[in-house]
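Chain by chain, the residues run as shown.
Protein chains: 4
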Amino acid sequence: MTSKFIAIVAGVGPGTGASVARKFAKAYPVVLLARNPENFESLAKEINSSGGKALGISTDISDSGSVKNAVEAIKKEFGSDVAAAAAIFNASGGFLRKPFLELPEDVFSKSLDVSAKGGFLFSQATLPLLLKGVEQKSEHPPALIFTGATASVKSNAFMASFATGKWALRALSQSLAREYGPQGVHVSHAIIDGVIDIPRTKEWLKDLGPEAKLSADGIANDYWWLHTQPKTNFTWEIDLRPAVEKW
Amino acid sequence: MTSKFIAIVAGVGPGTGASVARKFAKAYPVVLLARNPENFESLAKEINSSGGKALGISTDISDSGSVKNAVEAIKKEFGSDVAAAAAIFNASGGFLRKPFLELPEDVFSKSLDVSAKGGFLFSQATLPLLLKGVEQKSEHPPALIFTGATASVKSNAFMASFATGKWALRALSQSLAREYGPQGVHVSHAIIDGVIDIPRTKEWLKDLGPEAKLSADGIANDYWWLHTQPKTNFTWEIDLRPAVEKW
Amino acid sequence: MTSKFIAIVAGVGPGTGASVARKFAKAYPVVLLARNPENFESLAKEINSSGGKALGISTDISDSGSVKNAVEAIKKEFGSDVAAAAAIFNASGGFLRKPFLELPEDVFSKSLDVSAKGGFLFSQATLPLLLKGVEQKSEHPPALIFTGATASVKSNAFMASFATGKWALRALSQSLAREYGPQGVHVSHAIIDGVIDIPRTKEWLKDLGPEAKLSADGIANDYWWLHTQPKTNFTWEIDLRPAVEKW
Amino acid sequence: MTSKFIAIVAGVGPGTGASVARKFAKAYPVVLLARNPENFESLAKEINSSGGKALGISTDISDSGSVKNAVEAIKKEFGSDVAAAAAIFNASGGFLRKPFLELPEDVFSKSLDVSAKGGFLFSQATLPLLLKGVEQKSEHPPALIFTGATASVKSNAFMASFATGKWALRALSQSLAREYGPQGVHVSHAIIDGVIDIPRTKEWLKDLGPEAKLSADGIANDYWWLHTQPKTNFTWEIDLRPAVEKW
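Residue numbers (this note's numbering), protein chains in the order written: chain V, 1040 to 1286; chain B, 1040 to 1286; chain F, 1040 to 1286; chain C, 1040 to 1286.
Please keep in mind that the hints were generated in silico from the structure rather than gathered at the bench. Where a beta carbon is used, it is the ideal one built from N, C-alpha and C, also for glycine. Heads up, a few of these hints could be off.
[Stated by the list, open to error] Chain B stretches covered by chain F per the calculated footprint, using a threshold of three residues with CB under 8 angstroms from any CB of chain F:
| no. | region |
| --- | --- |
| 1 | 1140-1147 |
| 2 | 1154-1168 |
| 3 | 1199-1208 |
| 4 | 1213-1224 |
With these hints in hand, go ahead and build the complete structure from the sequences.
Take a look at the structure:
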C-alpha cells in the first residue's frame, strides 16, 4: 500500500474500533489510538504482518497534552506534512445505569471528558491533517466520523451520564459538519442503535437469533461508504440497527 | 441478467428516478411507474437495449385503481408469484411556494394525494412482493426506499403544501420501518437536502461551482448502498447534501 | 361578556374540545364546529345559559363547501367584519391500530382528510379573522392552536394512518407559525402525550391512580396560557403528559 | 410570606435570573446563587425590603465543594429539613463565536463545566429538597427548570462550545424528567430562541421594533406557569421567541 494519506482511529478496542481500523488499513496506513496499549498491540501486529501499516499510540483522548504527543508521534512517523484521508472517533467514557442521585460525579465527568472534550481534542488535532488531505486531493473527500449511540438522540431515565456526553458529541459533529463541509471535509455522525456483536456480548440476545446484534465489520463498511461519498452527496448522519431492533 | 427478483420505481422522471432505475437495472428487471409515459419510454428503451430489462407502466400513484392495474401488469409480465428485491418511491406532488392564504386547495390536496396517499398505495402494493423477496431469500434484504426532502424535516413559511405531504411520507416510512424491519424488509427514508443536478436545474447555483448540486447518480449509488446493507445493520434514514449546502 | 372578538373551536366533543370551549367562552363568544350537532348542542346550551355566548355550526371540516358555509354563518351572526381572538383546531380523523397491509384505504385517507386537509381549510378560514384581530388590537395576540398527539412526533408500527395525518398537521402548524408570527398571530401546536380523562376513558389506567390521565380542563388552561403570551414571548410548541407517563 | 417551601435560582444576573427570582419570591423565600456576589446583592436587598425573603450565596456551580457549601448555607438558614418548591438552573458558561480551530480548550471546557457539570451538581443538590417538597405536599408540584437556548437544539458553525454544553444540559433535563416525573417532580426545559431584553442588549435589534426581544419578565411568567401545572398535565419542554423571530 502506497497511499500517502493516513487514517486515524481513536477508541480502538475489540469491537467497532478494530473493525474500522482493519477496513481503512486496506487503503491507508492507520494510526491506532487507545489509552491502554493492550487495545491496539495485537491489532497493529496483525495489520503490519498482513501487508498493511499500523502505528499504535497510547493516548488519553481527554488530555490535551497526551493528544499533542500523539500528533507529534504521527508527524515523526509520517512526516510533518502528513495528510489524513479519515479520522474516526470511536471513544466513549463508559456507561453506568444508575438512579441519578446515586451517580458519582466522576462517572458523570468521565463521560463528558471522553465524549465531549475528547471529541473536541481529537477534532482539533485531526482537522488540520484532514484539510491537508483536501489540499493534496485525496481520492475521496477526507472524512471525520463520530460514533454515536441511541443515547445520542434519546436520553432515558438512569442514562444521564452516558447521554450528556453523547448529545454533546452529536452537537460537536453537527457544528463541524456545517463549518468544514464547505471546506471539503466530510463530517459524519453514526447513531449505533443496538448491541454490537463482540466477544463481550457473545451471550447477549441469543434468543433473538444470530442477526439480533450489529456487526462491527458492517459498521466499518458503512463508515467506508460514508468516506467514499463524493462532495456532491455528503451524508451527515446515519443510524444503524439490527432489523429486529424495536426503536 | 437472470435475477428472478424485480425492482419497482415510482416517480420516474429525468432526475433521481431515472438514475435509480438505471442503477437497479444492473441487477434486476425494473418496473418504471409514472403517470406520463413520456417519463419512462426512452428510459425503458435504453435499459432494454443495453442488456437490462425494463417495463414501463403508466400509473397514477394516487389512484388505487391505477395502482391495482399496475400490479396486475407486473404479475402478467413476471408471473403471479413475482418477488421484489426493491421498491423505490420517488414521486411527489409538486411544489408551490406561496403565501398560505393564496394557496389553492387543489395544490395542497395534490401534495397529500401523491406524497402521502401515493406512498400508502405504493407500499400496500409492493410490500407483499417484498415479503416474497424475503421468503425467496433475495441476495440483499428487500428494500422499500422513500425519497424525502429538506421539507420532510423542516416546514418553512410558504412551504405548507410541499411540507405536509413530505412529513406525512416520513411518518409512513418510520411506521413501516418498525413493522417490516423485524420481518426482513429494509425500509429507508432519504432526506435530499439541496438542488439535484438535472437538465431543468442546469443554470441554477452556477456561481457556487460544479459541485453545488446533488448528483442524481450519486443518490442512486446511495440507494443501492442502503439496499445492500445486511439485516444486522439497517439504516432507517440518511440525509444527502452537497458539501457547500448551508443547512 | 362584551368582547367583540370571537373564538372558534373545531372538533368539539365530550373531551378537550368542550373544555377549551368553556374556557375561552369566559372571555369571548365561541363558535363550536363539529360534524354531528349532538357534539355541540348541549354545550352551546350550557354556555348560553350561564352568561356566555355560543354558536354551534354543523361542519365537515374536511369539506371546503361546508367550511365556507360555517364562515358565512359566523359572519351572519357576528357581522361581516368579525375578528377572532382565537381559533383552535381539535379535530382528528380517528384511529385504527392495524397491521399496515390490513389498513383500508378509506381509513388512511380519512386521517389525512381531517387532520391535514381539515387543518388547511380551518386555517384558511380563520386566519383572515385572526389577522383582523391583530388589526383591531385584541387584548392578547390572536392565537391559532392545533391539537397534536404523541403520534405527531413518533410514528410507531401499526400507527401509520393516525401518524401521517398528525405529522402533516404539525408541518402545517410550523409553516404557519413562521409566516404569521411576524404578522402578530400566535400559532401553536400541542403534543398531547397520554390518555385524556373523559367519560369514554373512565375505566382506563385505573391501576395507575387518579392522576394517570390528562385533565381536559388542564389542557384548556394551557391553551389559554398560550393565548395570553405576549408578542415578545411566543411558544410554538408544548408537550403535555401525566407525570406517570413513560415517554 | 409564610411558605415553608423555598425556591432556588442558579445563575442570577441582570436578566432572566433576576426576573425569575422576583417572580418566585412572591410565593417563596428564594435562594440566589451566583459566583459573583455583585450579581445577587442588590436583588436580595430589593426582595428583602419589599416583603419577600432572599438569601444570596456566592457559588461556583461547576464546583462540587462550592455547591455543597451552598446546600449547607441553605440548611443553616431554612432548617435541615427544608423542602423546595422550585429549583431553576439559569447558568451558562459563556459564548465564543469562533472558527473551531481557533477555539481555546478552556473556553470549550468552561461551557461543559457550567452547563453540563453545573447542571448535574445543581440537580443532585436540589432534587432531594424537591422530593421533600413532594412529601410535604407543596401546593404546586415541585419544579426543576433548566434554561436552554436555540443552541440546545441546533448546533451551527462556530457555535461548538456553547452548543455542546447546551445539548448536554437538554439531555440531562430529558433523563431527569423521565426519572423524577413519576416521583412527582416536574422537570422542564425552556428553549429561549432570541435575544433577551436586558440592559446589555439595549441597543440590539432596534430596527425590528420594541417587541423584537424576549421579555425577561415574560420568561419568568412562563416558568411560573410551568411550575403551576398539575401532575396530570406536565410540560417537559417549551420554546420561547419573539413573534418577529425567523426560526
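To see whether the hints hold, each was checked on the structure:
no.	hint	verdict
1	1140-1147	holds (count 4)
2	1154-1168	holds (count 8)
3	1199-1208	holds (count 8)
4	1213-1224	holds (count 6)
Consistency with the previously given hints is maintained throughout, with no hint failing.
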